[in-house]
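**Student:** Listed here are the chains, written in short residue letters.
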Amino acid sequence: MDKNAKLKEAIKVALAFTLAYMIALKINWMNPQWAGFAVAMCIFNTAGQSLHKMILRLVGTIPGVLAGFAIFAIAAQDRWLLALLGSAWIGFTSYRMSRSKNAVYAWQVAGFVALIILTVQPITSESIFRLGLYRALETALGIVVYGLVTTLLWPRTNYGSIKKTSLDLLNAQLARFQATKAVLENKEERAKLAELRTNNVKQITALNSALVAEGSESYEVTEVRPAYERFMEISKALVDAQNRIEFHIEEFDKTHINSVIPELAAFIQELDERFKAMQNMISTDERFEPPESWSFTINKDAFAKLTQFEKASVETGIQNLRLIEQYTNEMFICIMEITGNVKLTAKPTPSPEATAKDWYLNLIPYSEGLRGGIYAGVAVFLGFCVYFFINPVGHSGWFQLTASLALIIAASPQVRIAPVAKAIAIVFPFYILIYIFILPHLSGGLQFFLFMFLLMFSTRFLFSGVVQAMGGLALVMVISIKNPQVFSFVGVFGAYVFTVTAIYFVYAVTYLVGAARPEKQVLRFTRRYFKSAKYLLAQLANTQEGRELGVMDKIRLTWHRNQVNNLAGRISIWSKAIDHKLFPNVTPEQIGTLTESLQLITLGVDELFASKYNYSESSGPEHDLRIDLEEWNRGLQEVFNDWSIAPDKPWKEGKQENIKTWLETLETKMQKSVNNIADPTNVKLDHFYNILVSYRGLTSAVANYARIVPGIDLQSWKEEKFS
Amino acid sequence: MNLVHHELNIGGVYIPPLFLAAIIGVIMAIYTAKLLNRYRLSKYLFYPPLVFLAIAAIYTVLLDYVIGIF
Numbered sequence: 001m002d003k004n005a006k007l008k009e010a011i012k013v014a015l016a017f018t019l020a021y022m023i024a025l026k027i028n029w030m031n032p033q034w035a036g037f038a039v040a041m042c043i044f045n046t047a048g049q050s051l052h053k054m055i056l057r058l059v060g061t062i063p064g065v066l067a068g069f070a071i072f073a074i075a076a077q078d079r080w081l082l083a084l085l086g087s088a089w090i091g092f093t094s095y096r097m098s099r100s101k102n103a104v105y106a107w108q109v110a111g112f113v114a115l116i117i118l119t120v121q122p123i124t125s126e127s128i129f130r131l132g133l134y135r136a137l138e139t140a141l142g143i144v145v146y147g148l149v150t151t152l153l154w155p156r157t158n159y160g161s162i163k164k165t166s167l168d169l170l171n172a173q174l175a176r177f178q179a180t181k182a183v184l185e186n187k188e189e190r191a192k193l194a195e196l197r198t199n200n201v202k203q204i205t206a207l208n209s210a211l212v213a214e215g216s217e218s219y220e221v222t223e224v225r226p227a228y229e230r231f232m233e234i235s236k237a238l239v240d241a242q243n244r245i246e247f248h249i250e251e252f253d254k255t256h257i258n259s260v261i262p263e264l265a266a267f268i269q270e271l272d273e274r275f276k277a278m279q280n281m282i283s284t285d286e287r288f289e290p291p292e293s294w295s296f297t298i299n300k301d302a303f304a305k306l307t308q309f310e311k312a313s314v315e316t317g318i319q320n321l322r323l324i325e326q327y328t329n330e331m332f333i334c335i336m337e338i339t340g341n342v343k344l345t346a347k348p349t350p351s352p353e354a355t356a357k358d359w360y361l362n363l364i365p366y367s368e369g370l371r372g373g374i375y376a377g378v379a380v381f382l383g384f385c386v387y388f389f390i391n392p393v394g395h396s397g398w399f400q401l402t403a404s405l406a407l408i409i410a411a412s413p414q415v416r417i418a419p420v421a422k423a424i425a426i427v428f429p430f431y432i433l434i435y436i437f438i439l440p441h442l443s444g445g446l447q448f449f450l451f452m453f454l455l456m457f458s459t460r461f462l463f464s465g466v467v468q469a470m471g472g473l474a475l476v477m478v479i480s481i482k483n484p485q486v487f488s489f490v491g492v493f494g495a496y497v498f499t500v501t502a503i504y505f506v507y508a509v510t511y512l513v514g515a516a517r518p519e520k521q522v523l524r525f526t527r528r529y530f531k532s533a534k535y536l537l538a539q540l541a542n543t544q545e546g547r548e549l550g551v552m553d554k555i556r557l558t559w560h561r562n563q564v565n566n567l568a569g570r571i572s573i574w575s576k577a578i579d580h581k582l583f584p585n586v587t588p589e590q591i592g593t594l595t596e597s598l599q600l601i602t603l604g605v606d607e608l609f610a611s612k613y614n615y616s617e618s619s620g621p622e623h624d625l626r627i628d629l630e631e632w633n634r635g636l637q638e639v640f641n642d643w644s645i646a647p648d649k650p651w652k653e654g655k656q657e658n659i660k661t662w663l664e665t666l667e668t669k670m671q672k673s674v675n676n677i678a679d680p681t682n683v684k685l686d687h688f689y690n691i692l693v694s695y696r697g698l699t700s701a702v703a704n705y706a707r708i709v710p711g712i713d714l715q716s717w718k719e720e721k722f723s
Numbered sequence: 001m002n003l004v005h006h007e008l009n010i011g012g013v014y015i016p017p018l019f020l021a022a023i024i025g026v027i028m029a030i031y032t033a034k035l036l037n038r039y040r041l042s043k044y045l046f047y048p049p050l051v052f053l054a055i056a057a058i059y060t061v062l063l064d065y066v067i068g069i070f
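Each protein sequence line maps, in turn, to chains A and B. So that you can map any letter, position 591 of the first sequence is 591 in our numbering, and since no number is skipped, the others follow by simple counting. So that you can map any letter, position 31 of the second sequence is 31 in our numbering, and since no number is skipped, the others follow by simple counting.
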């Protein structure tokens, strides 16, 4: 954000915050700082994102208030039942946070609001109802005031944000094609592709977030939103096709690839032009004609000289190139619709395969979510125990603030807490000084209004990141003025000591459940990853033999596929939290190559499932090589089984050589079997090539992991250490 | 010897002695953990997070007793 935009945003936020606070104070509502809090806690870079978060805050406040009433109604006379119900509610909302796609914040608010309701003094039915009512009312006030300010003062459409993320996504996709071309020409290393792949996935997530946050901001955005959603779906499909091309890039004979597929170089040039045209359409509204369809031919003479494995790689490569051609064409037309070059078409519906997969996923408990829920529930219960038995400074805050913090940590347990605690420890005293030395000298609403405006403006304009967020929090927590106001140093100092202590308390509970030891989590996830990969291969062998899967098998299969698809990403996230001072023998680069090799295995497993091979064929290479392929599958299962117990188990000496020899023997067998087929364009042969390429790709990925892992000192992670 | 603990007066703010003992106890436990890591003694422990809490509790109780004496 440039300085001018930051200045305007800071003025808007400060004005909305102060107006909301002042209105609540003027009308004499209970805890008027809540109205300002709703503004301060939901501010993002764009108004659309901020309003979206505020609406989620209101949506979450209502069930939170109702849950608070229900807990009070059931357990008003029994403190242990109250603590149990409160902790269970926090555990439940934490679990829902982990399963929700677009309402994570609403569940978080629903969780902590219920406990805020229970902190009311005196705790009677009437006061608890009043508190719940004011909480919802003041949150709504904050939203209305911010909405009005952002609409009337320097109104700024957020359509630009969607356009920008779309351009970034197109840039990421173009960069991948250019890098693939460079790798094929031996001008770039394959490692570069992994980095671009990660960036591509990030850009799709960013576009999704922008569409969720900004999507209903104005009619202009609402109108083109279906087309943008289709653009995102096509981008996802394109990523899959690009992944498959990159996955096999090492298997292409790069010196002959252009002679086997003569149009390849021209097609990559065409892709380059298509992406640049799409970027121009979005950024300058320039008009272009839709691209013409492209076809690929194989140079039969050059193809005949290839080995069976190379032929298989080329065949599947062409299938993916055709898909890329089709997707980029559809994407081009989609961008034409978005920019008004052609008429908008109907909203897309999810594919039947995706719907079935999602349906099964809902039946399966999400283990990390359950873990997070148990952690949050335990933390809150311990907070209740501190309040019941010790009742130190902070009092009911011991379960209320603990709940707010535990919900945040349960959602992202890998985030380091120490920087947040340090920021609070440094920022809070500054506001305490203001509270002690300046606030008592202010008289009247106008002076207070101007002063609060100035404070919020400075926080938003002068700072950024954690300090800015903690500044906003400190402003609301420390400078909370009521009607009538009594200034108390002990009160504010106690709140400061309590806040810092509560953060470390929540951290200590995290430490006990293992989240503060990311190296152990990475090892646990890696073991689980290989366990799931082994299950998938075993199940694949069963289906290939023609066995029908029952409902439980399908659920298990979906669970393990989900694990394999997500765990490599989770390992990557957790590995970033490892303290490298504590484990100097393992470098971040080594962890990067490890996660990259796991991602390659994931691609291999995915491709194997997509090949849908069936052994029950009565003739052809699929039938002839059935025993060899079964042996291949079993060999991979054994390797995965070993790594599911010890992820750093090295291969026996000579195993890589044995695989090479075995592949050469297989090549001879395949040659014999394929020679028996009269028609080289046989569908069976295509099918066979698909399975062959998939197994070979997976084996290469597994061999890659086996090469990398002995060089990484994972043993040091297994050793018990204080971290 | 008076073993009844009294609050610490820091600029007019009364701080419970257990709070002070807990802060110093945790800091001492952090340094003990660092020493155990440095000499690779922590590898003999079953679950260091629990041991850390136990060490912090022992230090806190001992310090609380010492503060009580003075």
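Please note that the accuracy of each hint is not assured.
Claimed, not checked - Using 30 Å as the maximum straight-line C-alpha spacing, the simulated DSBU-like pairs for lysine-lysine come out as follows:
#1 B:K43 with A:K520
#2 A:K531 with B:K34
#3 A:K672 with B:K43
#4 B:K34 with A:K672
#5 B:K43 with A:K236
Unchecked claim - Between beta-carbon pairs, the in silico distance windows are:
#6 A:Y504 with B:I10: 15 to 23 Å
#7 B:I24 with A:N483: 40 to 48 Å
#8 B:L50 with A:Q447: 51 to 59 Å
#9 A:K26 with B:I30: 43 to 51 Å
#10 A:R416 with B:I24: 42 to 50 Å
No wet-lab data here; the hints were simulated from the structure. In this text, all values refer to a predicted model and were calculated from it rather than measured experimentally. Even for Gly, the Cβ is constructed at its ideal location relative to N, Cα and C.
**Student:** Now tell me if each hint is right for this structure.
**Tutor:** Hint check:
no. : hint                          : verdict
1   : B:K43 with A:K520             : 14 Å, holds
2   : A:K531 with B:K34             : 35 Å, violated
3   : A:K672 with B:K43             : 58 Å, violated
4   : B:K34 with A:K672             : 65 Å, violated
5   : B:K43 with A:K236             : 46 Å, violated
6   : A:Y504 with B:I10: 15 to 23 Å : 20 Å, holds
7   : B:I24 with A:N483: 40 to 48 Å : 41 Å, holds
8   : B:L50 with A:Q447: 51 to 59 Å : 53 Å, holds
9   : A:K26 with B:I30: 43 to 51 Å  : 49 Å, holds
10  : A:R416 with B:I24: 42 to 50 Å : 24 Å, violated
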